[in-house]
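J.: Based on the sequences and whatever the hints tell you, model everything.
Chains A and B are the protein sequences, given in the same order. Per our numbering, the very first residue in the first sequence carries number 6; after that it's consecutive. Per our numbering, the very first residue in the second sequence carries number 354; after that it's consecutive.
Everything labelled a hint here was simulated from the structure, so no lab data went into it. As the structure is a computational prediction, the values presented were derived from the model and not from experiment. Ideal placement from N, C-alpha and C gives every residue a C-beta, glycine not left out. It cannot be assumed that every hint is accurate.
[Claimed, not checked] Computed spacing ranges between beta-carbons, pair by pair:
1) A:Leu94 <-> B:Val466: 23 to 29 Å
2) B:Val478 <-> A:Glu181: 54 to 60 Å
3) A:Glu108 <-> B:Arg465: 33 to 39 Å
4) A:Arg143 <-> B:Arg465: 18 to 24 Å
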Amino acid sequence: MILRMRGIAKSFLGVRVLHGVDLDVAPGEVHAVVGENGAGKSTLMKIIAGVHAPDEGTMEIDGVPVSFGHPVQAQRAGVAIIYQEFNLLPERSVAENVFLGREPVRRGLVDRSAMEAATARLLAELGETSFGPRAPVRRLSVAQQQVVEIVKALSQDARIIVMDEPTAALAGHEVELLYALVARLRERGIAVLYISHRLREVFDLADRVTVLKDGALVRTAGTGDVDPGELVRLMVGRDLGTYFPPRGTGPGQVRLSVRGGGNAVLDGIDLDLRAGEILGVAGLQGSGRTELAKALFGAEPFTRGTMSPLRPASVRQAVAAGIGLVTEDRKAEGLALRQSVRDNALLVARSVRRRGRDAPGRDGAPGRAGGSGRDGVTGLLEAVRLQPPEPGREVRFLSGGNQQKVVLAKWMTVAPETLIFDEPTRGVDVGAKAAIHDLMRGLANDGMAIMMISSELPELIGMSDRVVVMRDGRLAGELPPGPSEEAVMRLAAGEATP
Amino acid sequence: MRALRTLGPIVVVLAVLLALIAAANPFFLEPAGFLAFLKRAAPLVILAAGQYFVIVSGEFDLSVGSLVTVQVVVAARLIDGDEAATWPVLALLVAIGLLIGLANGVITTALRVPSFITTLGMMLVLSGAVFLWTGGAPRGALSEAFRTFGRKDLGPVPWSVLILLAAGGAAIALMRSDFGRRLVAAGDNERAASLSGVRVNRTRTLAFVLSGLAAAVAGILLGGFAGVSAQVGQGLEFQAITAVVLGGVALGGGRGSVAAAMAGAFTLEALFTLLNLYGISGALEFAVQGVIIIAAVAAGAVRLPLRRTAHV
Numbered sequence: 006m007i008l009r010m011r012g013i014a015k016s017f018l019g020v021r022v023l024h025g026v027d028l029d030v031a032p033g034e035v036h037a038v039v040g041e042n043g044a045g046k047s048t049l050m051k052i053i054a055g056v057h058a059p060d061e062g063t064m065e066i067d068g069v070p071v072s073f074g075h076p077v078q079a080q081r082a083g084v085a086i087i088y089q090e091f092n093l094l095p096e097r098s099v100a101e102n103v104f105l106g107r108e109p110v111r112r113g114l115v116d117r118s119a120m121e122a123a124t125a126r127l128l129a130e131l132g133e134t135s136f137g138p139r140a141p142v143r144r145l146s147v148a149q150q151q152v153v154e155i156v157k158a159l160s161q162d163a164r165i166i167v168m169d170e171p172t173a174a175l176a177g178h179e180v181e182l183l184y185a186l187v188a189r190l191r192e193r194g195i196a197v198l199y200i201s202h203r204l205r206e207v208f209d210l211a212d213r214v215t216v217l218k219d220g221a222l223v224r225t226a227g228t229g230d231v232d233p234g235e236l237v238r239l240m241v242g243r244d245l246g247t248y249f250p251p252r253g254t255g256p257g258q259v260r261l262s263v264r265g266g267g268n269a270v271l272d273g274i275d276l277d278l279r280a281g282e283i284l285g286v287a288g289l290q291g292s293g294r295t296e297l298a299k300a301l302f303g304a305e306p307f308t309r310g311t312m313s314p315l316r317p318a319s320v321r322q323a324v325a326a327g328i329g330l331v332t333e334d335r336k337a338e339g340l341a342l343r344q345s346v347r348d349n350a351l352l353v354a355r356s357v358r359r360r361g362r363d364a365p366g367r368d369g370a371p372g373r374a375g376g377s378g379r380d381g382v383t384g385l386l387e388a389v390r391l392q393p394p395e396p397g398r399e400v401r402f403l404s405g406g407n408q409q410k411v412v413l414a415k416w417m418t419v420a421p422e423t424l425i426f427d428e429p430t431r432g433v434d435v436g437a438k439a440a441i442h443d444l445m446r447g448l449a450n451d452g453m454a455i456m457m458i459s460s461e462l463p464e465l466i467g468m469s470d471r472v473v474v475m476r477d478g479r480l481a482g483e484l485p486p487g488p489s490e491e492a493v494m495r496l497a498a499g500e501a502t503p
Numbered sequence: 354m355r356a357l358r359t360l361g362p363i364v365v366v367l368a369v370l371l372a373l374i375a376a377a378n379p380f381f382l383e384p385a386g387f388l389a390f391l392k393r394a395a396p397l398v399i400l401a402a403g404q405y406f407v408i409v410s411g412e413f414d415l416s417v418g419s420l421v422t423v424q425v426v427v428a429a430r431l432i433d434g435d436e437a438a439t440w441p442v443l444a445l446l447v448a449i450g451l452l453i454g455l456a457n458g459v460i461t462t463a464l465r466v467p468s469f470i471t472t473l474g475m476m477l478v479l480s481g482a483v484f485l486w487t488g489g490a491p492r493g494a495l496s497e498a499f500r501t502f503g504r505k506d507l508g509p510v511p512w513s514v515l516i517l518l519a520a521g522g523a524a525i526a527l528m529r530s531d532f533g534r535r536l537v538a539a540g541d542n543e544r545a546a547s548l549s550g551v552r553v554n555r556t557r558t559l560a561f562v563l564s565g566l567a568a569a570v571a572g573i574l575l576g577g578f579a580g581v582s583a584q585v586g587q588g589l590e591f592q593a594i595t596a597v598v599l600g601g602v603a604l605g606g607g608r609g610s611v612a613a614a615m616a617g618a619f620t621l622e623a624l625f626t627l628l629n630l631y632g633i634s635g636a637l638e639f640a641v642q643g644v645i646i647i648a649a650v651a652a653g654a655v656r657l658p659l660r661r662t663a664h665v
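T.: Structural data, given as C-alpha cells:
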C-alpha cells in the first residue's frame, strides 16, 4: 500500500465531520471516494493533502508514518491535490505555472529552456499535443488547464494524486480525454484518489470504491463486487427519525409556470408550481438547482422559454410579480449583517412597491416604514417567531436560525404568491429547523406556492408534496410524495430514469 | 443617552475640545463667540454630511474640494459685482453641483470605475478647468446679496448657521427615510441589497448627487465667508473625509450615522480652533488630519463588536 490511513477523525468547531475513517490505496490504483454532500469526502482529501491535520488517527506513505502540518509537507511526501478550482496564474505560461516557486536556476537566473523542456517532456508523456509549454494559461480550455495541473503534480514527483470532482466542469468529450489521462497515470504506477458524485465514472474508472456517509466509513469494495443500486443504498441508507409537519390538503391553482426555460446553465425546464404545495428540488451540487432558483427569481434570468405570470428579466420584476427568494447563503446574499433586524426585515418593502399588496403589519404607510412601521415590524417578528423579537438588534449577533427568520420576515412584508427557499435550514440548529419547517408549511397552507431546494434528503422528502430532481441543468424527473432516498439519488446521480 | 448611543464616542471628544477652547478663550462661551464658531464650521459640516452619503454607500468623493473652488470662481466671474445676477448664478451653482455629482455617480456605477479613481480624476479635471478659465488669478467679484449667506446675520443668528441647521436636519431626515436605509444596506452588503430589489446603482448615484449638492452649498457659504481665490476649496475633500471617519463611519460602507459624521466635522473644526488658540502653526493642520484619519481607521479596524444595537 502506498497510502494507509487508520482511524482518521476530525472536528470543526466541535462538530465531528470524520469518525475514525480507514483508507488503503495501492500504487497504480484508481480509488473512488463517494458519498452525499457533507459526507466528509473533501475533509478526508484535505487531510491527505496536508490542508487539515487530523485530530486522531495515523497516516503512512510507503509504510513510513507521516503527519502533515502544511500542504508543502504533503507535496514533498509525494501527494498532490487537484481542486475543482484550479490554482493557476492565467497570465503566466504553462511552464511557468508548472514550476511556480520551484523554478530551475542557472547562474542566478531562471533557466527557461530547462523549465520548458521538462514541461514539454511531461506533456508528451501524457499524450497532450494540443498546446505547448509556452502557451499562456488563460488561452487554455478548462480540460487543458486540468492537464497543466496534472503535469504540475507529476513534475513534483507526486505518487498520490487526489482529484476532487474532476469532471464537474468538463464537457462530455473532455471527460473521455480525462479517462485516457487517468489510464496513463495508472500505467506510471501513480495512485489516483478520485472523488465524484457520478456513479458512471466510478464504475468506468475505479478499481475500488470507498463509501463515506455522515463522516464515517461505510464500506470499501472492488467495483466488480458492488452494483450501482447497492452503492446508492450504501450512500444514503439512514433512518428518517425526524418529525415534519403534515402535508397539505392538495395543491390549488398554478401560480408559476415555465415551459422550455433555459439559459447558459439550464435547459428545457418545464415546471408548474401550485398554490398550497411545497415542491422539493433535489440534485447534486452543480446540478443547476440554485441556478433554477435564480432564474425564476430574475437574478440570473432565463434567456429562453416562456414563464407565467411573466419571465422576469430582473429581481425587481420578479418581486413585483410576487416571487421571492430565500437565498442559499444568507450572510453573503440574504442579509445586511451590520444593520438592524428592522432594517433588514423592511428592505424589500422599502425597495419594491407591490401595488395594493402591502402585507398587514406594514400599517399601510409605504414610504415611511422606518418611522411608523415599528409596531408592524414587531408583529411580523412575532409571526416568524424570532427569539427575542428585538427589532433594534444587529442581525450579525443573531443565531443562524434567527437570521433565517429575519430573511423570511423580509419577504413576508410584500406577501409574495411564490417563495423559493434555497437550503432553508443550512447551518441552523435542530429546534430552529423545526420552526422554519412549520413556518413553511403554514405559508403553503395559507395559499403560498413554495419551492424548496435542499441537499438534505430527509428534509426534502419529509417536507415536499412533490419532488423534482435536477441533473446537468435539466429536470431529470419527478417523483411522487414521499419517495425513497435511493430513488432520489438514483435520478440525481444519473443512474436511472423513472 | 440615546444621543450618545447614536453619535458614539465622538460627542465626548467634541465636548472635551469645546471645554478646552472655552478655558483658553472665555469669549467662546458667549452666544456671539459660539455662533462665530458654528458659522466657521458650517461649510465643513455640510460637506461632511454630503461625504457621509457617499462613504456609507461604500464609495469616496474626492472631487468636492475642487468643486467648491469651481463654485466660487464661477460665481465671482459671472456675477462680477452685478446684484441682479445673484439669483440666476446661485441656481446655476446648484445645477453644477448636482451635475458633477451625477457624473461621478454614473461613471462609478455604470462604467464600474472605482470611485476613488472617478472622483480623483474629477478633482483634477475641475482644478485644471478652473486654472484654464482664470489663468491662475480669479477675476470678477461677488455681489453683496451673494455674500449675505456666508457672512451676514439674520437678527442675532448668522445665515450660515440657519442654512446649516436646515441642511443637517434634511440629512438626518433623509437617512431615516426609505432611501437612507436602502443606501446603508447597499453599503453593507451590495449583493443582498440587490437581491432584495434595491436599485444599488441608482441609490449610489444619488449619494454622489447629494455630495455634489453639499459642495454647492458649502461653496456658496465659503465664497461669502472667505472671499474669492483659486485656493478656497483646497484640501476640503480630505477634511470632509477625515471628519466622517472621525465620526466613526466605516470606510467601505454600511456603518455609522450622519449625525456622527457632522459631529466629526465640528470636532475637526474645534481642533483647528484650539491649535490656533495655542499659537500652533496652521501648517500643522494637514499633519493633524493625517494622524487622525489613520488613527481613526486603525481604531475602527480593531474595534470589538461590543455594541449590540444598530444606530440610525
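J.: Hints first: check each against the structure and report whether it holds.
T.: We went through each hint and held it up to the structure:
1. A:Leu94 <-> B:Val466: 23 to 29 Å: With a Cβ separation near 26 Å, leucine 94 of chain A and valine 466 of chain B satisfy 23 to 29 Å, so the hint holds.
2. B:Val478 <-> A:Glu181: 54 to 60 Å: Holds, at about 57 Å.
3. A:Glu108 <-> B:Arg465: 33 to 39 Å: holds (36 Å)
4. A:Arg143 <-> B:Arg465: 18 to 24 Å: Taking Cβ atoms as reference, arginine 143 of chain A and arginine 465 of chain B lie about 21 Å apart, which means the hint holds.
The structure is consistent with each of the numbered hints, conforming to all of them.
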